Amino acid sequence: MGACASTARRAPLSVVPSPPMQPAAAAAGGDAPARLHTCADAPSAAAHPADGAERGSGDKRGAERQQSCAPAAEPAATQVVDATPREASIVAQLAADGRLADAELHARAALAACDAALGEAHPATLASAHELASLLVALGATAEAELLHRRTLAGREAALGADHADTLASCAGLAAALRARGELAAAEPLLRRVLGGLEAALGAEHAEAAVAAAALGSALHELGRFDEAERLMRAALARLEAAVGVEHADALACANALANVLSERGVPDEAEALYRRVLAEREAALGAEHIDALATLNNLAVLLAADSARLDEADGALARALGGLSAQLGPAHPAVLGCVHNLAGLRRAQRRDDEAERLFRSALDGRERALGTGHPSTLSSCAALAAVLTDRAELGEAEALCRRALRGKEAALGMAHPSTRRAAAALAAVLRRRTGAEHEATLLEQRAGG
Numbered sequence: 003m004g005a006c007a008s009t010a011r012r013a014p015l016s017v018v019p020s021p022p023m024q025p026a027a028a029a030a031g032g033d034a035p036a037r038l039h040t041c042a043d044a045p046s047a048a049a050h051p052a053d054g055a056e057r058g059s060g061d062k063r064g065a066e067r068q069q070s071c072a073p074a075a076e077p078a079a080t081q082v083v084d085a086t087p088r089e090a091s092i093v094a095q096l097a098a099d100g101r102l103a104d105a106e107l108h109a110r111a112a113l114a115a116c117d118a119a120l121g122e123a124h125p126a127t128l129a130s131a132h133e134l135a136s137l138l139v140a141l142g143a144t145a146e147a148e149l150l151h152r153r154t155l156a157g158r159e160a161a162l163g164a165d166h167a168d169t170l171a172s173c174a175g176l177a178a179a180l181r182a183r184g185e186l187a188a189a190e191p192l193l194r195r196v197l198g199g200l201e202a203a204l205g206a207e208h209a210e211a212a213v214a215a216a217a218l219g220s221a222l223h224e225l226g227r228f229d230e231a232e233r234l235m236r237a238a239l240a241r242l243e244a245a246v247g248v249e250h251a252d253a254l255a256c257a258n259a260l261a262n263v264l265s266e267r268g269v270p271d272e273a274e275a276l277y278r279r280v281l282a283e284r285e286a287a288l289g290a291e292h293i294d295a296l297a298t299l300n301n302l303a304v305l306l307a308a309d310s311a312r313l314d315e316a317d318g319a320l321a322r323a324l325g326g327l328s329a330q331l332g333p334a335h336p337a338v339l340g341c342v343h344n345l346a347g348l349r350r351a352q353r354r355d356d357e358a359e360r361l362f363r364s365a366l367d368g369r370e371r372a373l374g375t376g377h378p379s380t381l382s383s384c385a386a387l388a389a390v391l392t393d394r395a396e397l398g399e400a401e402a403l404c405r406r407a408l409r410g411k412e413a414a415l416g417m418a419h420p421s422t423r424r425a426a427a428a429l430a431a432v433l434r435r436r437t438g439a440e441h442e443a444t445l446l447e448q449r450a451g452g
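Heads up: the sequence shown begins at 3 in the working numbering, then just goes up one per residue.
Everything labelled a hint here was simulated from the structure, so no lab data went into it.
Be aware that a few hints might be false.
Estimated spans, in silico, between C-beta atoms of each pair [as the list claims (entries may be wrong)]: (1) D271 to A187: 26 to 36 Å; (2) R312 to G376: 27 to 37 Å; (3) R194 to R236: 16 to 26 Å; (4) Q81 to A275: 14 to 24 Å; (5) A282 to R363: 30 to 40 Å.
These figures come from a predicted structure and were not determined experimentally.
By construction, the Cβ of each residue, glycine as well, lies at the ideal position given by its N, Cα and C atoms.
Work the whole structure out from these sequences, hints included.
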């Protein structure tokens, strides 16, 4: 029988593609490439699965409150709870090894056992639901993940209070699911709540608070607020490296996320140095084919592709990342579709337009199915395909795609977001090539210049 997780653990943090939006690559792909996040940008809050440590609340009274909320166990329930450490360790280790599908099977069995033996309101059942939900984010099953995280958060708020460590873990988990679903504005207040709660309980210098700061910074990057994102991530990285060491998984994930911001801000040398350091450490610790290592390889390839003199190097890195991620996650996973989008942008930079169009269409179709038609990543593939078609003077379809991208991005991200402004400029460029559309083009250019 599977058993439930009796304590909150740092959920396996997902390989989630962020909304692609990097100006330096816009010329190559019409809209920017997808960078992949791996560990600490969306923390769910207890111990990292690689070390299996448990995290207390930082408050003895909170721990006593959690214990008092658990109903007395019947004999069958006791058997389930007694099996918890072994089952939880298996799930954590499978996730740490990148074996997410196997981890999901164990986590589903654990949750079913807890539901049956303890009831859905028991703290141990809520912990199992949290663990499964976090795995589902990593696997791209974000709708189910969001529902589970909302259930867990409501249960923990009722049983433990709004400021308990496990409640904050559920806030972080729900924020990760919302980010993966492209609901960035809804994720931000949850992440700020987590950061405020952890800083109040543990202090701003604590590693858990630093992980939460990195998660908030990564979300702000996706929202286009680069100054605050960089500031938070630099501070978080310094605190993590001091607290847990430069080789720790959380510190490496924060370095990867900071490199994403720096790449987008036009600081390629520092970004490349960070990517290469993270890649070397992950390959040494996890293996070259581990999901986290491949995600960083994708990000490095995106950076290299922005330099016309390094397209061949980018091609080799991206091909390896795409092959490895596809083999492990399947062709429909959002991270794999992000790599396909990136490869299409590279093919356009290499002036292989037929391949670029085919790959952008494949990425767009896959993202529509996996993420929905209004997701920022879907809209980025829409805009990138429009750019290829504009180059080929197929202006009717290009205009329709540009209008769709602008409408969706303005709704999801706001007009001030760099990605939305690029969408407005792209539509204006198409309209400039159509007789009688000059006035609309001028208005769009004014909005894009904002």
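Here is what the structure says about each hint:
Checked against the given bound of 26 to 36 Å, the beta carbons of D271 and A187, roughly 33 Å apart, stay inside it. Between R312 and G376 the Cβ separation comes to about 34 Å, which falls inside the hinted range of 27 to 37 Å. At about 18 Å, the beta-carbon gap between R194 and R236 stays in the expected band of 16 to 26 Å. Checked against the hint of 14 to 24 Å, the pair Q81 and A275 fails, with Cβ atoms roughly 52 Å apart.
Taking the beta carbon of each, A282 and R363 are about 35 Å apart, inside 30 to 40 Å as hinted.
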